[in-house]
Amino acid sequence: MQNTAASTPTHCPYCALQCGMNLAPAEGGGVQVLERADFPVNRGALCGKGRTAPAVLDRTARLTEPLVRGADGELTPASWEEALDRVAGALLRTRAEHGADAVGVFGGGGLTNEKAYTLGKFARVALGTSQIDYNGRFCMSSAAAAGTKAFGVDRGLPFPLEDVPRTGCVILVGSNPAETMPPSLRYFTELRDNGGTLIVIDPRRTRTAEQADLHLAPRPGTDLALALGLLHLVVAEGRTDEEYIAERTTGWEEARAAAMAHWPEYVERITGVPVPQLREAVRMFCEPEAAMVLTARGPEQQSKGTDTVGAWINLCLATGRPGRPYSGYGCLTGQGNGQGGREHGQKADQLPGYRKLDDPEARRHVAGVWGVDPDSLPGPGRSAYELLDALGTDIRTLLLMGSNPVVSAPRAAHVEERIRSLDFLAVADVVLSETAALADVVLPVTQWAEETGTTTNLEGRVLLRRQALTPPAGVRGDLYVMRELAARLGVEKGFSDSPEEVFEELRRASAGGLADYSGITYRRLAQENGVFWPAPERIDGGRGDGDGGLGDGRGSGDGGDGGSAPHPGTPRLFLDRFAHPDGRARFVPVVHRASAEEPDEEYPLLLTTGRVVSQYQSGAQTRRVAELNAAAPGPFVELHPRLAKRLGVVEGDRLAVVSRRGRAVAPARVTGAIRPDTVFMPFHWYGEGRVNTLTNPALDPVSRMPEFKTCAVRVERA
109 MQNTAASTPT HCPYCALQCG MNLAPAEGGG VQVLERADFP VNRGALCGKG
159 RTAPAVLDRT ARLTEPLVRG ADGELTPASW EEALDRVAGA LLRTRAEHGA
209 DAVGVFGGGG LTNEKAYTLG KFARVALGTS QIDYNGRFCM SSAAAAGTKA
259 FGVDRGLPFP LEDVPRTGCV ILVGSNPAET MPPSLRYFTE LRDNGGTLIV
309 IDPRRTRTAE QADLHLAPRP GTDLALALGL LHLVVAEGRT DEEYIAERTT
359 GWEEARAAAM AHWPEYVERI TGVPVPQLRE AVRMFCEPEA AMVLTARGPE
409 QQSKGTDTVG AWINLCLATG RPGRPYSGYG CLTGQGNGQG GREHGQKADQ
459 LPGYRKLDDP EARRHVAGVW GVDPDSLPGP GRSAYELLDA LGTDIRTLLL
509 MGSNPVVSAP RAAHVEERIR SLDFLAVADV VLSETAALAD VVLPVTQWAE
559 ETGTTTNLEG RVLLRRQALT PPAGVRGDLY VMRELAARLG VEKGFSDSPE
609 EVFEELRRAS AGGLADYSGI TYRRLAQENG VFWPAPERID GGRGDGDGGL
659 GDGRGSGDGG DGGSAPHPGT PRLFLDRFAH PDGRARFVPV VHRASAEEPD
709 EEYPLLLTTG RVVSQYQSGA QTRRVAELNA AAPGPFVELH PRLAKRLGVV
759 EGDRLAVVSR RGRAVAPARV TGAIRPDTVF MPFHWYGEGR VNTLTNPALD
809 PVSRMPEFKT CAVRVERA
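Per the working numbering, the sequence shown starts with residue 109, numbered consecutively.
There's no promise every hint is true.
Okay, derived cross-link-like pairs now, SDA-like style, lysine to any residue, Cα gap no bigger than 20 Å in a straight line [claimed, not checked]:
id, residue 1, residue 2
1, LYS257, VAL778
2, LYS601, GLU706
3, LYS257, VAL699
4, LYS257, VAL480
5, LYS753, VAL778
6, LYS601, ARG692
7, LYS601, GLY236
8, LYS257, GLY236
9, LYS601, ARG615
10, LYS601, GLU613
These are computed hints drawn from the structure, not numbers from a lab.
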């Protein structure tokens, strides 16, 4: 066992597992990562990204002083005073000349809860703009919309990961945790060791699919038809839970009628999944007493993502899974604070506590905490892609924090063009990303190990990241940036650069909301391994149901046995009731429809995108780590041997993948692990291999999620 006596317990800066780790002084300066076995999510295990996270803290890998663009067009070092004055001047000038909504704000799913909360407040109070959204819109907004429709609340996983090995069957839809969040794979291994089964649905035979008892490989963009086909078979084979449906749901008749139009042979023609595999999946899912469906970006990043996730939820409801032990539906959130980042106000339509911006009572409550008139708060603004598409026209100045849309946005070449057309761009980041390199002012901000703050992982577990290092002298925190800009905009009070002070205000702002953090404090988080929301401030009478009966009231607290006691948090939602006023879940009838763009004679193939194990998101940080670059040095085009033979291509040949939006070039990787009608590219790189040059910005009508996961392409030798 490693000696951790002098170490700081904290959490990884990358994915939504938020793995626990210890940081200890390293020889020669800086910190090293040590095992933290007491944190229940990863139990000491870390992937390569987590192990090497301190590499980005090195001065040679990151920004250490503000940069401003001079008359010669070059970025040059400047003082903080000059940099902040220039940003504030641009914000004031744009607002005066074009109105408040000509100023845009774009955030990130990696920002702490304190930063996300303050960014939403800064946009609406200091700037008065409605034009704020964040890159989490590209992550799991479809699952959030579908979950809210069905259950009345969105929390990625309504149960802790520790429940996964205790269920009987998991259907994993469009997720590859072996590469995206490797420490979580142990839960699926333990599931199988315990006698449970794993069904993986993915057009590629990924490392995760290799572990499955059954792998279904549908054509990209047909997950909705697949879910409806499975529900059809559940009904036809008499496997519905009629008692559960009658007692705990509404809307079943309409949803059943919609599903019955999707008979197995019809679904096979759409998806390419053979009928015997459909029947086997239904048998495996329905026979155990407990079972789960977990979705990720595959079914969600589609122009019909909300309906697709809704169809998988309908399958769970029809078989009586949600709200029962070790059962239900959940979504595997991607970004580090993807859950908390959308709960506290940096999303275009939300206020803190998962309140809706167009709800008068929500506006009154939050405005009261902020000390402003509710009528002064702007209404909902544009969603993420729509905001980026409006840059340089309706939106003239942009403040961007913790995102790299030049790489990560769909139709990325167009987004880059829009960013270049801005009157003024200010970026706060830890590294000089491809987007930051286009800015008029770049503000170097602190990283995970240099600051304290909270995040909320994919389970809804609120965590405390602790500061372990003093940041370089030229670096400031995001909270400092917003406080100083607010003061320059004439708002002298209401913005603090103390994370704990901000969190105390966030507690009050979230109180009574769906995502109620009012019973969570820094002191409590320092003593516990996270607290699951909702966690109201007190329980009356010690009943353990201060969450309105949504969960079991058992878990990570002192919980009461009489009188008024601290709320213990809610590890498991829906055991007593769902979050709709009548306590019932909603079936939502959906039908299959085609993707926004289908193959044709000119573009005969389908492209799907995803990640590799050694890089993360846009790669802005991981591409600065030598060990990770050695493992994954650049993009590639994965294609089936039959397609390669038809094109006369061998392993390593340079290929051009062309869509209606552009062209990306990368070496061929020939493998039987992908469908012959589909090619795959990872999305971590800029330059000629930038796959998001190709992707389709067609939006889901509810979630406004772009259709990253499928578009029509052709492949040529480069």
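Results for each hint:
1. LYS257 - VAL778: violated, 41 Å
2. LYS601 - GLU706: Violated: LYS601 and GLU706 sit about 53 Å apart, past 20 Å.
3. LYS257 - VAL699: holds, 16 Å
4. LYS257 - VAL480: violated, 31 Å
5. LYS753 - VAL778: holds, 10 Å
6. LYS601 - ARG692: violated, 43 Å
7. LYS601 - GLY236: Status holds; Cα separation ~15 Å.
8. LYS257 - GLY236: violated, 30 Å
9. LYS601 - ARG615: Holds, at about 18 Å.
10. LYS601 - GLU613: The given pair, whose Cα atoms are some 13 Å apart, holds under the 20 Å limit.
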